[in-house]
Amino acid sequence: MENLELIFSEIFLSLSIMFLLIFGVFKKNSSTLIQNISIIVLLITVVITFNETIGITEVKLFNGSIIIDYLSSFMKIITLLAAFLVLIISSSYLKTFKIFKIEYPILILSSVLGMMIMISSYDLIVFYMGLELQSLALYVLATFNRDQIKSSEAGLKYFVLSALSSGLLLYGCSLIYGFTGSTNFDVITDQLNSNEYTLTFGIVFILVGLAFKISAVPFHMWAPDVYEGSPTSVTLFFTMVPKIAALTVLIRFLYVPFINLFDQWQMILIFLSIASMVFGAIAAIGQRNLKRLIAYSSISHIGYAIAGLTTGTNEGIQSSIIYITIYILMNLGLFSCLLMLKRNENYYETLDDLSGLSKNHPLLSLSLLLILFSLAGIPPLAGFFAKFYVFKAVIEQSMYFLAIVGLLSTVIAAFYYLRIIKIIYFDKEKEKYDNDHGFWLKFSLSVSTVFILIYFIFPSQIIDAVSKINIIQ
Amino acid sequence: MNFPILSSLILLPLIGAFFLFFIRSNKENNFTVKYVALFTSLVNFVLSIYLWILFDQTTSEFQFVEDRIWIQNLINYKVGVDGISILFILLTTFITPLCIISINNSIKDRLTEFLIAVLIMETFMIGVFCSLDLVVFYLFFEAGLIPMFLIIGIWGGARRVYSAFKFFLYTLLGSVLMLVAIITIYWITGTTDVVKLYELGIDPKYQNLLWLAFFSSFAVKTPMWPVHTWLPDAHVEAPTAGSVLLAAILLKMAGYGFIRFSLGLFPAASEIFTPLIYLLSVIAIIFTSLIALMQEDMKKLIAYSSVAHMGFVTLGIFTIQQQGIEGSIIQMISHGLVSAALFLCVGVVYDRMHSRLINTYGGIVSIIPKYSVLFMLFTLAALGLPGTSGFVGEFLILMAAFKDNFLVAVIASLGVIIGAAYMLWLYKRVVFGKLINSDLKQMVDLNKSEIVILTCLAVPTLFFGFYPEPLINTIEISISDLIKAYNIEIASKI
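Line by line, the protein sequences give chains Y and F.
FYI, numbering that gives the first Met the number 0 numbers position 109 of the first sequence as 108, with every residue one higher than the one before it.
FYI, numbering that gives the first Met the number 0 numbers position 220 of the second sequence as 219, with every residue one higher than the one before it.
Honestly, the hints are just simulated from the structure, not real lab data.
As the structure is a computational prediction, the values presented were derived from the model and not from experiment.
Please note that the accuracy of each hint is not assured.
DSSO-like mimics (lysine-lysine), calculated; alpha carbons at most 27 Å apart, straight line [unchecked claim]: (1) F:K165 - Y:K421; (2) Y:K100 - Y:K59; (3) F:K107 - Y:K427; (4) Y:K429 - F:K107; (5) Y:K358 - F:K107; (6) F:K483 - F:K402; (7) Y:K467 - Y:K358; (8) F:K165 - Y:K427; (9) Y:K421 - Y:K467; (10) Y:K429 - Y:K94; (11) Y:K421 - F:K107.
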């Protein structure tokens, strides 16, 4: 018998999902209840994940197809917490559009389950299974506001393109299987002959698939449309949670079986990184819709996270994880602000709607100001440190070109962040927005803002937590 | 552990700003808000005077050093002062309360927020001058962009958005390369502690690129020709208090940076690039002086004159002689006082007539005599009349420059003449002449607070003009040791 208690969190989560599904079918009007139970389930899963990994350095289960180590637990906890934050702030939005249904929390839970499997996967098949589980849930989530054409369009677009990328990914997996005779990472590592150039094709295909999932340029085309069309709370989920899982897989995949082919995939990653940083920064300038703008800014941010991975060192991986963690918290604040722009049962999401916000809503504007400056990477806010760690790791490998391009694109990106600030602070005010936001919305905004603001006082905490992640032995 | 006086200096304005945050600004308590801010900044000023009294002038060691671990194995929060930085801290704490007094009428809207921005700005500026770790320095250096962007953008004039963006993006662009350089230094030497770096030295083969990266940041901030164009825009659109902060203190960060980092850390590269600095400084002095001559807008004229004055400063720093660097520091202090006063003088007439154009005015000497006298004084100080602090700085710089490079010194001296021309012409056109614009007759003379501010600025201008000893005593040892270390470094390379 395997150590089933090590995957107890996944088992618990899947049992809860099934229970909630059945419960929701038989009990009418139970959306609020199911929502609350889901939130509690997520928290319990966090606790279980946290507990089961204490004292464990690295355990492989089921013939080495699942791995439990510090990286997986850390990323799982972040995933779960991010999903928790999404759930607690989305109910008022869903209620406004009358799509507050039982399926919403359940779909989120199932995609989280898929991500947890992805994060723990140590085998191409297991990884693909997790990926599809999360993707299927995400397709439905994107179309969740099914009466709106845009939402349906977003879901369809996401489905078609995602299916294409999954196909590429599977093709890559099969190529690797063909060359090494196994899908298990350990076996692949043993079988790997670094002269096997054709293996690079397999890596490239898998990288394309993963780049699609994290929306890195040039596989980003779906992101702006899907982000714009999906319900805002789902967009929040898109920008935060799937990226954590995909990034973990990317780390695991590149740094465990294919570390010996570092020279070959490094160039691909550098290209993805530079293209994302630059393109994300430039393309966002032309956007008027905030959700589209955030889509481009998230493309740009993922470029920085990838920059950490190009280094081939543990510091690089750590910096990338720190980056994504800080980014998630900033993003949470940004979307909380977006969810507060509500007037007469209507949500506003273009740049012009922010005009003169600071006159009527000084505190909201101040938070937004801090979040935007932090996203632009201006010290002493948290976003600066995120970039600092990444570029420190990059420069330690003497990759000056990447560092300079990255930093110059922060200047370009600063332009559109500044423009939002300009609209909020310098322009004429418009009508007031509603002020009766729910507690959780205010809570998440304050968490994000306070974190951004005081991160510089306690910068060591996250570093200490992440510094235990040592993928390269 | 002694009382952490430098950290208190850094934190006090922040605490003041924090209190202000909880006071709602409206018509009745504008008064309270202003006094809270003023009180905070005055306490800070007193504290910095106390610091100056305690300061030991006989050593070039860093004093009042605080060294705390900030990020394990990476960055220490390290602050300290030597003779060079203490004067800038004094300048900052001296100018800030004056700024706060000066916003009597000019800022009606969102006064609390404005004061918060000014106080936060003070925190960052003091932080820049006393940080002894490159990362901490960068943090403060960059963070100052946020409040200044808001000051220009929210409370500025008609083209404020353009100016605020230009200011922010220009300086950010300059600074990111410095960040790359700082991380590179960390990678090469394993530390970002300035004191340790002084001892360790940096391998000359890296110095040139690092120097250029730092230079890109400082050149924009100074500003040097040809990247000075953000300054006139920022000055013209910023509210008076913003212009004062910008001219008096912000521009000094770069001059300070040149002395502390470019000379201190990269002597070999400084030696190589000195001709470049000479060239740019001389161009700045002549070119921007000529531009200043043609300006219609008073603020723009003073802004261009700032660029010219900073040209003298960079020239003086890179003569790498005792007198040159002393002159540069005195020139910076003096420019801090005088340009602040000149912007306030423009602000005074702008508040009354709502015009900054020179041809609006003329013949106001008989209407507002007190103003005319004080304006005269600062005009003369700006052109470097003996007996004002402007003279001491310029004289020392030119003296050092003559020793080093005759041609450069001659051209720079020509700049002094053009400087006198545009300042006197400005004064003539505004104050003397026939009274043509009849609206000017309604102008009232300086009120009490304006007299207080301008006198506060006039006293040190004159005092240090006649008796610069206290300034020179403070900086002397630090500079001579800096030059000694520099020369040793250069000699060892040859």
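A quick look at each hint next to the structure:
{"no.": "1", "hint": "F:K165 - Y:K421", "in the structure": "holds, 13 Å"}
{"no.": "2", "hint": "Y:K100 - Y:K59", "in the structure": "violated, 38 Å"}
{"no.": "3", "hint": "F:K107 - Y:K427", "in the structure": "holds, 16 Å"}
{"no.": "4", "hint": "Y:K429 - F:K107", "in the structure": "holds, 21 Å"}
{"no.": "5", "hint": "Y:K358 - F:K107", "in the structure": "holds, 14 Å"}
{"no.": "6", "hint": "F:K483 - F:K402", "in the structure": "holds, 18 Å"}
{"no.": "7", "hint": "Y:K467 - Y:K358", "in the structure": "violated, 46 Å"}
{"no.": "8", "hint": "F:K165 - Y:K427", "in the structure": "holds, 21 Å"}
{"no.": "9", "hint": "Y:K421 - Y:K467", "in the structure": "violated, 41 Å"}
{"no.": "10", "hint": "Y:K429 - Y:K94", "in the structure": "holds, 25 Å"}
{"no.": "11", "hint": "Y:K421 - F:K107", "in the structure": "holds, 20 Å"}
Consistency with the previously given hints fails for numbers 2, 7, 9, ordered from lowest to highest.
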